[in-house]
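Visitor: Single-letter residue listing:
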Amino acid sequence: MKIHLTINGIPVEVEAGTSVLEAARQAGIRIPTLCYHPDLKPFGSCGLCVCKQEGSAKILRACATPCAEGMKIITHDAELYEVRKTIIELTMSTHPTSCLTCVRNNKCELQKLAIEYGIREQPFKPRLRERVVDDSTHIITLDPYKCIKCGRCVQVCQELQGVYALEFIGRGDSTSMSPAANLPLNESPCIKCGQCITHCPVGAIYEQDDVSLMMKAINDPNKIVAVQMAPSVRVAIGEEFGLEPGEITTGKLYTALRRLGVDYVFDTNFGADLTIMEEASELVERIKDGGVLPQFTSCCPGWVNYVEEYYPELLDNLSSAKSPMMMQGAVTKTYWAEKLGIDPAKIYSVAIMPCTAKKDEIRRPMNASDYKDVDVVLTTRELGRIISQYGIDFKNLEESEVDSPIGEYTGAATIFGVTGGVMEAAVRSAYKFVTGSELDNVEVNAVRGMDEVKKGTVDFKGTPVRVAVIHGMANAKEILDEVRDAKLRGERAPYEFIEIMACRGGCIAGGGQPIGTDDEVRAKRTKGLYADDEKCTLRRSHENPSIIKIYDEYLEKPLSHKAHETLHTSYKAQKVYKDE
Amino acid sequence: MAFKNYILVCGGTACESSKSDQIYKNLIEEAKNQGVADQVQVVKTGCFGFCEQGPIVKVLPEDSFYVQVKPEDAKEIISEHVIKGREITRLQYGHHVRKAYEEVEDIQFYKKQKRVVLRNCGKIDPENIDEYIACDGYKALEKALFEMSEDDIINELKIAGLRGRGGAGFPTWMKWNFTKQAEGDVKYVVCNADEGDPGAYMDRSTLEGDPHSVLEAMTICGKAIGAHQGFIYIRAEYPLAIHRLEVAMKQAREYGLLGKDILGSGFDYDIEIRLGAGAFVCGEETALLQSIEGHRGMPQPRPPFPAVKGLWGKPTVINNVETWANIPAIIVNGGAWFASIGTEDSHGTKVFALTGKICNSGLVEVPMGTTLREIVFDIGGGIANGKKFKAVQTGGPSGGVITEENLDTPIDFGSLMKIGSMMGSGGMIVMDEDDCIVDVAKFYLDFTVDESCGKCAPCRIGGKTLNALLGKITEGKASDEDVAQMRQIALAMQKGSLCALGQTAPNPVLSTLKYFPEEYEAHIRDKKCPSGKCKRLISYSIDPTKCIGCTACARKCPVGAISGELKKPHSINTQVCIKCGVCKETCKFSAISVK
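Quick mapping for you: the protein sequence lines, in order, are chains L and C.
Counting from 1, one number per residue, gives the positions in the first sequence under my numbering.
Counting from 1, one number per residue, gives the positions in the second sequence under my numbering.
Chain C extracted, bound-state conformation (with noise of 0.2 angstroms):
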């Protein structure tokens, strides 16, 4: 039966917790109540990207794309938009400031976007198996069961050139590989769901919106290597994915999709969930690995590699979940199809959490190649609040700084690398002039200071040293002395830790260093902040010629800082100040300044 209308509520957790979920449900409760529940179809999605503007409600036929949706507005989209067949201008997105766009893909935030890895999210319920299959769902898994060789499935991923979304970008079809012509008679196949970047939710939001891709994809890479398990590991901080995960790997079950015999075609595969308890460093393959086992996560030296020896010392092949979401697209189109997508380096797209001071945060996918530039000023509308550009942060804690000079870098695997940063798995943090360079770099360190599993001794110990030191330009008791210093720890790190974790961690110092060597100056020379964030280094005065009296600042202070007589200009203790900043926002006549 076909509905008159279809409407589309985002499921993912950013608009869960603006409460799309109650949207949903006051839409399928009006239009039982409005005598329309036969012609209307309420489906929750997965994300759709344009979190900034969440939670957004897409109604088919027409297109309509709601956004910053509220619960009593499921009145009016039944009784408006289904029955009367009238758009509801004041809830489609971009109304206040231009005309409504006639169609989604015209709204600037997606114009620039291709989605292969999210190409379900926010079209799919992705609690129902047959909406996936509908969309081409498993129907790679079957070519890749009856049509393909085990070569033939790796071949295709080689022609493809998919490379690992997880950072590093090693070929993936060189990891099935050496895990196929691995010797042993059991293998595994592992998903890497252990997503932890600050700010990053690629993989939580694939998962959420379509995890059957996942599930089908690591059953081609089963049948492809000789595997007969395979296992997700994922943080328990994302109870809807693995919800999501649970109630699909369920109804894959129930479809004879995973399990014994699948398809009739003689193959058993099953996949297991292992919750992770959300140590960032179990993202690292060997610690995840160890993880599964039930061993304390640490990573191990490599060789051996997962490959030759993973699981339980059994060969395995472990990719994150982007990768895996790439796969059943791949098989089914064809890997000259996904060679087609990107550039000669770096092949298909690549999905980002952009967020930080840009104006549309959200989850991006872009063909490879695409520039930081169209990222942050097309697809992100540029700076929130006017501010000015200062710098991209790409790869998270282990990638760097890239500034306005190097915003035209094509995006790939080679380019990023060149200017000292990396793809990492995916986030994307955009910062304005308000942002202090060494406070940023303390932030991603005092991160992987905080998650650095404290086995090898560069990372445990480095880390800690390398923080201190950059604790002590914040504060301005820094010398070049101590610049040195951490020079020399970072190539000890770099050099010497185990894993990718304390290898990496240094380089957002290093590039900021690198790129804004005069703000370190400032800190260390000058004993200045000049974003005016490192609270040593700063203070709070009042204008007397702005200054009316009005006591506003003196009554919001919450440390009594602030003195003056009623209608006088008053003055800051500055001995007292804790330099909140507080007074700063409240005056309305620019009497405070910060130095």
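Bound conformation, chain L alone (with noise of 0.2 angstroms):
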């Protein structure tokens, strides 16, 4: 159904249920906030939204408010200008203005609006609370002096995660963001999925910066610097230097981190590609033999932590296969280091993720090789930052290609970075595996899309395997009940395969991915990665001749001892609350 109304006396029409904020905005017309984010149900804690009806002295919330047929909205006029700059001012007095040493100096949607206001000096005395920060995990931290308590990491660590990591503490003037019970981050329920981070309006939580790391291995001359790069920091990095999200620059990333110093570049996607080879094989053999179903994907470390905590019952159900990125760490150190006579020890093994809790996946007792198979983990953000430092013109490089023999990729390995994208992948070979031949059509439509629940069936001529893909942490709840009450039972659920992503749209939209994540943004980021599948001419993962060889020089075959050794891993059960 079609509403109709005016927006500062210029006609609009919407869906029915589209709000005053998101109606003005097909109009053109910006209204400010803070506190509201697409992905999040309006909060009202900035009150900055404020409208008015004409005729009317009542305020409305322009992002909680519904359009109605014949409303006749004013969004900007005297009075509402006085209120927002009130409010922007008196936000800016309780928020330092230490802008150029903020990780968000730039990307600060507070320091937008103090522009476009511009607010010239602070007419309210400024109070500041003592400056106390929490970076406990050494992966995320919350930096609560900057925080403006608009909400939104509380909503998404509650609401879109189901985690309730995050709360407010304290009330009136004294509220806080803070970890639960007032614990220390890393004694509290996070999954460290970062979620908080890509949501906050301002520089109130942010990732430990471990990008000194690489560079101080990169200038010792006795490391020899790999790395290797997920799917889906080739299509969001670009963001970091004006390029529109979703468009691919693996080749640039390749030549940056060549520019950078890294001795080798290799790519995530070859561990995707060997993740599909066990995991898929896992499932066959799951099915086969009569083992524990359905089988999760274990590549998302959101996800990992968070049935470690919530659903321990249901980790025999998790697939031993360890992730693309700690297989990539796992072969760097083992295989190709034999393979070209060099010492593990001396290699310094660099990933580049588009995720916060990889930097905690890392710290995981899974290492194949005697040494850490991956020892720092960077976010896309904080790449970001290097490449620019380093004065490199990422927009305009020169492209180049991975070095072999562990960093070829196939167009399965990289949609692991979307939602479905594993299941899609696994299908793919799992296919395969069962019957022998190749599946027609490569495309799974019944896993893509934006749906928080994708159910389906693939026939697997005459085996019907049953699968669900879920993203956005708190969507699992439901199906995660029904798998663990029917386990109590001693049944099965219906499923077969499940692919769970701590994020909503998956990896595109990491907590390590740069800041302005939205829908939108998340469809061309999905679209970059999806497009990148089709220009490859492999799109199977057992099609990979690099994985054909690997198997061959190294690893025999999926599940094998060596394998096993190698690539997989086990599970441990976590307390919620880690003092306890």
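To be clear, the hints were calculated from the coordinates, so they are not data collected in a lab.
Among the clues, some could well be false.
[Said to hold, decoys possible] With a straight-line cut-off of 30 angstroms between C-alpha atoms, the simulated DSSO-like cross-links for lysine-lysine are: (1) L:K41 x C:K309; (2) C:K180 x L:K58; (3) L:K125 x C:K309.
Once you've looked at the hints, go ahead and assemble the two chains, each given alone in its own frame, into the complex.
Guide: Structure representation (structure tokens):
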């Protein structure tokens, strides 16, 4: 149904249910906001989107008010300007003005509003609290000193992720964003997904910057630096340099890393192909041998943290296959080191990830070599910064190729970055493993798209494989409860394979990605990865010649003893509150 | 069996804190000791309203109204009144100022009151369902279940023109109707008993004195909108009200008036109590619903309104205690009866908690349209200690001051709004000439700043900043620009805050600025506090012509700021003085003045 209204006299036609805020945007009118985020339910804390209806003194919040037929909305007038400006000034009076040293300088929504409203001085007496930074995780830093209490992080953690690590503590003027029960973040239920970072409008939550660790290794003549980057990085990092979201920058990225001084440039996508070989084989084995089903994907470390905390009964449902990053790290320091005759002690293994939880994952005891298979994880944002610092003109960089033999990838690997991608890639190979023939159409549309829970059945020539794909951690609860409850009853929930990714949209919208992610950006990045898949001549992991080679030369076959030693891991229940 | 006498002892929180429970026990004990246990029935009732004079004991059938009764008076009440039939003059209200009143209704305090909401308070034993039933209790429910359709019930409320008594005055029938029409199998009914305005205790007294009236009304609402579950959200600081509600609910269940198949009608309905931890903001309906759900009590943006998406996302009616208590009377007597009380704008009565610098503080219920002057001077008996009236604050921390010039304003929703105050839930605080108006504004703002949930920026930061500017005024450090900033912040809070707490928080400031500009100016330009309240702006001094050097003040001064030789005029060291005022109170020769 269409609704007709006017906004500042401009006639607008919108779908029923559209908010005044969105309708105004469609009419080319921007209403300022600080707490609103299209991923979240209207919260109403910033007070900036106040609007009026003609002839009424009543104030409405554009974010929370659905359009109604015949409405005459006023979004801007002298009074609303005064109100907004005062609220911005009040908000600034409790926020430091140390923009130059802030991680979000230039990407801060409050800063933008201060610029727009031409605020040249602080009319209200600043009241800042003592700065106490929580860097207990050494991954995600909470800096409540800068927090404007918009509530996005709390909402994202509770409603989108269902984790409840963040909460408001205290009341009134002493309200602060804090880990639940005022614990340090590392003792809270935090799964390190980093969605709080990407949703924060200011610089109150950010990743620990590990760039210096990589640069130290690069500058150490005794170290051989080998780097890998996740699929999602290539369709997002361009945003840091003014490119459109979704633009595929794989070749530029390889070049940029080499310019930074990296010795070998590999690709996590090779690890993803390897993951499919192992994970799909594991699924086939579980189905054939009556193993624990459904099998869950295990490539998302945020999800692994979540299941270890909240559903320890389901740990044996998790695929024992390591994530692509950890597989890539493992073969770098074993197979590749042996092949080149390099002492793995000399290799410094760097992973560029769209994710903060990946920084957590490398601490898990799952190394195949005698060293850390991955030494450091840098997020897309961190890499973006160092590329700028080294004066590299990313936008105009020439492209280069990945290093062999653990760099080449298929289209199946690159779609790991989107929700449904792991499932689709696994189906492409599992089909072959079960039926002996290739899937005609490699594109499995049932698992594509932004529906929070996608279900479907793939016919493996008479064997139906029931699959489910979930993204956004909170959306998993229903199916996880179903699987657990069935399991506790001694039964099995009606699925064979379930893919779960903690972040909405998958890794393309991970907690380490460029700031400013919403569904529009997600769609563009997703499109980029599907385009990357389509560009590949080989689109099934088992067709990757380098994969075939590594099994021939080193791993023997999927799920072999050697493969298990190198590429598989185990899980352990975690306490929800670590200090218990 | 009929008794010779019925002795009603006030069991409200105020009287209980003045040992009325002991009076009650002593009366029973004395009746036994003096052998008349079979002739008297001692009943503990709800609040009589005349709290100034508590504890109150009323003896029927003589209607003797005994005030400020002490536990040791029980013996005499039994021996003199019950046995000998002689009223005890010394306990009767007003005996020392004029002749004892013949009828309770003649007492000035009660004369202009009309009790609809409080109809059973001070009349029945709230812990005895039979007494409620004897006073037409549950008659309305019976009527609603068996004689009225859902629409009939809502229509009766429409005819009555009942508006919500929580403050905003939204028509109750519309709320019910929206909820009835909202889609959903499950709907809820909620009673907001999170009363929290400073000095207000209307809802507490209603629940303490007549809990069944609320239970009955909520059940009627359940029938009207198609809900089967009600919740009473009450602050944990109201233990007596909670206890009486629990007793009432238990008795109602035993009588088949709550639970499955009520009175054989096939209608199922039950009520649960949810305790609030005392956050004022939880009186805001969306925050209250959050709190019931177990979340942090923070208001939510509206729409969606609770009538569409309320408790656990289900359509929900939420009304406050006083609104509920009106409903059984409306159903029994008809909407037209209710509409005949009050003014065109506002029907029925309103309960106020009258406090402050007033002779008769207490709980008063008056027809809408009664003037403030009648409440303050007739019912309230005027200003205590012969001081001059300054202003009265209605609407608690959300309202504003009303001055002498507006005292003849009839009390109804519209009229109060017009003069910059509001009905609010019913707190009414009277101020006299000794009160500093800036200090009063600061008192209310201190309260709202303290009680702000901290969710939205305009209220959280605006309130705190506004309060700091007010503080500057009381310290004599403010300038005219500060007042301009105050107005700027007030506008941002009114327009930008998420809930009524923040939207109305600047009202006391704005209304005092409007009605007492000269008093603000005195603080800002002359650095003086005319009422002598703002400590930073006053100093104490001793008039050497009056001081006889008795040393009394010097001995009382807690900081040793007063010195002087015996029998010689003393002096105050203003550097040391903390302006506590003890010296002035102590001096018998009016030698100490404050400027």
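Visitor: Compare the structure with each hint and give your call.
Guide: Evaluation of the provided hints:
{"no.": "1", "hint": "L:K41 x C:K309", "verdict": "holds, 14 angstroms"}
{"no.": "2", "hint": "C:K180 x L:K58", "verdict": "holds, 26 angstroms"}
{"no.": "3", "hint": "L:K125 x C:K309", "verdict": "violated, 40 angstroms"}
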